[in-house]
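Those protein sequence lines, which keep their order, are chains A and B.
According to the numbering used here, the first sequence is numbered sequentially starting from 262.
According to the numbering used here, the second sequence is numbered sequentially starting from 15.
Since the hints were derived computationally from the structure, they do not count as laboratory data.
Warning: the hint list may mix true and false statements.
[Claimed, not checked] Here are the in silico distance ranges between beta carbons for each label pair:
#, chain 1, residue 1, chain 2, residue 2, range
1, B, Asn-56, A, Ala-387, 25 to 33 Å
2, A, Gly-644, B, Ala-311, 53 to 61 Å
3, B, Tyr-31, A, Arg-360, 42 to 50 Å
4, B, Pro-213, A, Thr-797, 53 to 61 Å
5, A, Pro-813, B, Gly-123, 38 to 46 Å
6, B, Asn-56, A, Trp-301, 53 to 61 Å
7, B, Gln-18, A, Pro-813, 36 to 44 Å
8, B, Asp-184, A, Gln-537, 28 to 36 Å
9, A, Ala-588, B, Val-86, 47 to 55 Å
[To be verified] Reference listing, derived: stretches of chain A covered by chain B, where coverage requires no fewer than 3 residues with Cβ under 8 Å from a Cβ of chain B:
#, stretch
10, 389-400
11, 562-574
12, 636-645
The beta carbon of each residue, even a glycine, is placed where N, CA and C say it ideally should be.
Listed here are the chains, written in short residue letters.
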Amino acid sequence: MKGCLVIIERELLALLRNLRTLLILVFVAIAFAVIVILKWPSSGVSDLNGMQARETYQWLTYGMLGAAIMIVPVFPSTSLVREIRGRTLELLLNSPLSRSAIYFGKAGAMLGFVLLLFFATLPAMACCFLMGGLSLADVLRLYGFLLLVCTQLVVIGILVGTFARSTEAALRWSYGVTFAITIIPTFPDYFLKGNDSPIAYAAGWLKMLSPIPSLIQLLRQGSIGGTGVAETRPLMFWYLVFTGVSIVAGSLVCIFRLSHSLLDRSRSQGSITDEQSLGIRAARRVLYLVDPQRRSAGIPWYLNPVMVKEFRSRQFGRLHWLLRLIAGCAVLSLMLTLASAGGAETRGVNFTGAIIIVLQVALIVLLTPGLAASMIAGEMESGSWNLLRMTPMGSLRILFGKLSSVVLTLALLLCATLPGYAVIMLIQPNLQAQVRQVMVSLVLAALTSMLISATVSSFFRSTAVATTVAYCILISLFAGTLLVWVNLDAPFGHSLVENTLRLNPLAAALTAIEADGFRTFDLIPSSWWISSVLCTVLLMVLYLRVRRLGQPD
Amino acid sequence: MVDQTPVVEIRDLSKHYGEFVALDNLSLTLNRGSILGFIGPNGAGKTTTIRILVGLSRPTSGTATIGGVDCVRELAKVRRLVGYMPDKFGSYDNMRVREYLDFFGAAFGIARRERANRIAEVLDLTNATWMQDRYVESLSHGMQQRVGIARTLLHKPEVLILDEPANGLDPEARIEMRLILLKLAAEGKTLIVTSHILPELSRICDKVAIVAGGRLRAFGTLQEVTRELSQMRTMEIQFLSADGLNQVADKVRKMLEPTAEVKVSEAELIIRCRTSATDETMAGLLRQLIMDGDKVAQFREVAADLEEAFITASRAAEAERTGQAAPAPAAASLRASSEVAQ
């Protein structure tokens, strides 16, 4: 217990000494204060039924959940990776501290930070409470629930940290898993609701992994948007069971993995097929199609060297990985199409399209920061930016090479899911125009994600920070705006929701395919214009930044 | 190998970061084929000078040219003339050595076939051919340094600027590095090498520049620099026996100036003096010892080394900054003390 406290003290102090942590806390406090100020009654009429207070309470609740999803995964996952890379974990493991003390110390420190985050929201919540219509039990229940959500995120973060080899990978996987358990599980049930198939039944259970439906039930919302995810089953009970089990199981795995084996990771010495016998070479050619261990040819004159370098230096950028990625996406797309085509008669093909769209955007949001946020920041961090500046290549060529490597990967990803749309058009040929609109929206979603991540990358010298900021912006843009849509009519009005959704190319795509809940919105072409202008501005800022960074200091 | 054509010319180079003066009117010229040991304490202005030379930083005033090309105005040309190896390696993940070199070769616009030959040449020159298929991040520090040099050589630059190439290398790797640098100089390359391993540097450099506090404190051949900086000389008087060694030391103390340090090493039968006395005074001292019947076996001056010159320059810069008199060089004092202790 004492050792655990030592770790908590060290970790928490290190966190609090960090200027960025302070800025996060201040930002959260200010953001929540602004919400209350906007909702504070200004007229002389009193809100006797407490409607306004409850609306403010809902705003604050979703804001807190959003903040938790965006902020909490960062610290636990990167903390452990930093310890491993800095070899300080070795010192801890060699100390008399037990593995469980180290784990609970780390988790405790992160939860301490979560409590500070909650503390920053307290003034806003107190004001909301003073507005009336809320009981103390409501507030305490909310904080208790959010603490549970954050505990799960902390455990996931530490668990990811025991597997990841770099802070970027830790962030990517933490956000991926967080995204997968908080947002993604709500979509299948939303689209398959009313269907009696076993898949729809499974989707109903899958939904319980996410805290959003339970939170809606906790808030006792019965709004139009809310019906998509809310229902009469005891969601909270099952959520508590799932989360409790995942916390305990995750903690046990973390404690088991916190050992010296984390530090004994061998590095590939680089065996090469070209030096093997003819038989082995031939066998590998047949087995692999594209042999990952063959000696690669020189970069040809017609290819941008930076683009080739980006592909080669990326963990999954080699050709054999790209082929696997494309094949995986294509298979997934076809499976989804086939699985949901059965329900087309009851729900129409639109919902099939909607599922594919959500899947594609989820992949885009998950992968793009990993690809683009390290674009400049990674070079700065490793010191290779100076080497790049020392070559005769201009800023434009460097930027073009870097962006093309991301564009090509995202294009492959988008193309790989095309079979799904082909099936949709086969079932209902009159949807061609809508599918084209979806395509445009998805391309804009990919470009926006890429340019946001790349521009963010040009402002930071640390890949971890750039990746975190990029994820926060993208999650706010793609999921945060949907959180507003989920609360349509309670507390948000149609006009506010529509204007918010205009920022989100995913919403534009869902509107184009006329997915349930999006039919009443008119987002195209205004959403395209907004995305195009945003992309143009971001591209200009990015070019100016790269140009500036390429010039002598 | 050194010819008299100036390749690197720096004139009154200054760099200010707000109030802080990183570089103050630095001027030096380097001829083709020479190896310059560019030394100074941490924060002396070495890296700032190098960054200006390679076009990564802009000077506040002054000029720097390489092969007659202005390092500020003609960046594209300078980049082809210079090969720069920073102290941070700058590796890329998941890339093999050959791919790493191939990328930089392509970035310099070398045609594919020529590039393949060039990569083989530079790997051979740096004894790194065997590691061409290894992943860059899996290499040890010494191996990475070799790959770093290979990279700087890819586009056949006239001038090589190497920031701490021997840093963190084991003795064997250091010897290999030294041989590689000498080989490059023999090929007519001009080298600017910074290092904190001064004995290593003194073995390969034909010129030395010592910077401290942003200013050039000494520049010239090793002998010129040590003579310029070492106002105190170290004399060693060795005797045939230890009898009366302390009395002789007292006699020596009386004959030298009061600030002179006289230490006795009975184990070595040596009296060691740090003095500013002239040759005439030293000749008088020797004459007196012989006349007194002291059994002198050897009477010699210890050659001042780069370490001592470096410390003298650093102390002078520190004294200038704090406004106090520069203390005696620590290296000599420390060495003398340790020998007395023996």
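Claimed coverage, the stretch 562-574 of chain A by chain B - three or more beta carbons nearer than 8 Å:
With 7 residues in contact (Cβ-Cβ under 8 Å with chain B), the coverage given for the stretch 562-574 of chain A holds.
Verdict for B/Tyr-31, A/Arg-360 (Cβ pair) under range 42 to 50 Å:
holds, 47 Å
For the pair B/Asn-56 and A/Ala-387, does the Cβ-Cβ distance stay inside 25 to 33 Å?
With a Cβ separation near 52 Å, B/Asn-56 and A/Ala-387 fall outside 25 to 33 Å, so the hint is violated.
A range of 38 to 46 Å was offered for this pair. Does it hold for the Cβ distance of A/Pro-813 and B/Gly-123?
Roughly 21 Å apart at Cβ, these two residues miss the hinted range, so it is violated.
Distance restraint hint 53 to 61 Å, applied to the beta-carbon atoms of B/Pro-213 and A/Thr-797:
Given range 53 to 61 Å: holds, Cβ gap about 59 Å.
Cβ distance range 53 to 61 Å for A/Gly-644 and B/Ala-311, holds or violated:
holds, 55 Å
Under a C-beta cut-off of less than 8 Å, do 3 or more residues of the stretch 389-400 of chain A approach chain B closely enough to confirm the stated coverage?
violated (count 0)
Please check whether B/Gln-18 and A/Pro-813 have a Cβ separation lying inside 36 to 44 Å.
violated, 30 Å
Taking 28 to 36 Å as the hint, is the beta-carbon distance of B/Asp-184 and A/Gln-537 inside that range?
With a Cβ separation near 32 Å, B/Asp-184 and A/Gln-537 satisfy 28 to 36 Å, so the hint holds.
Take a look at whether the Cβ-Cβ distance between A/Ala-588 and B/Val-86 falls inside 47 to 55 Å.
Hint holds: Cβ distance 52 Å, inside 47 to 55 Å.
Within the stretch 636-645 of chain A, is the number of residues with a Cβ closer than 8 Å to a Cβ of chain B three or more?
As far as the stretch 636-645 of chain A goes, the hint holds, because 3 residues have Cβ atoms under 8 Å from chain B.
Could one say that the CB atoms of B/Asn-56 and A/Trp-301 fall in the range 53 to 61 Å?
Distance hint for B/Asn-56, A/Trp-301 holds at roughly 56 Å.
Of the numbered hints stated above, those contradicted by the structure are hints 1, 5, 7 and 10, listed in ascending order.
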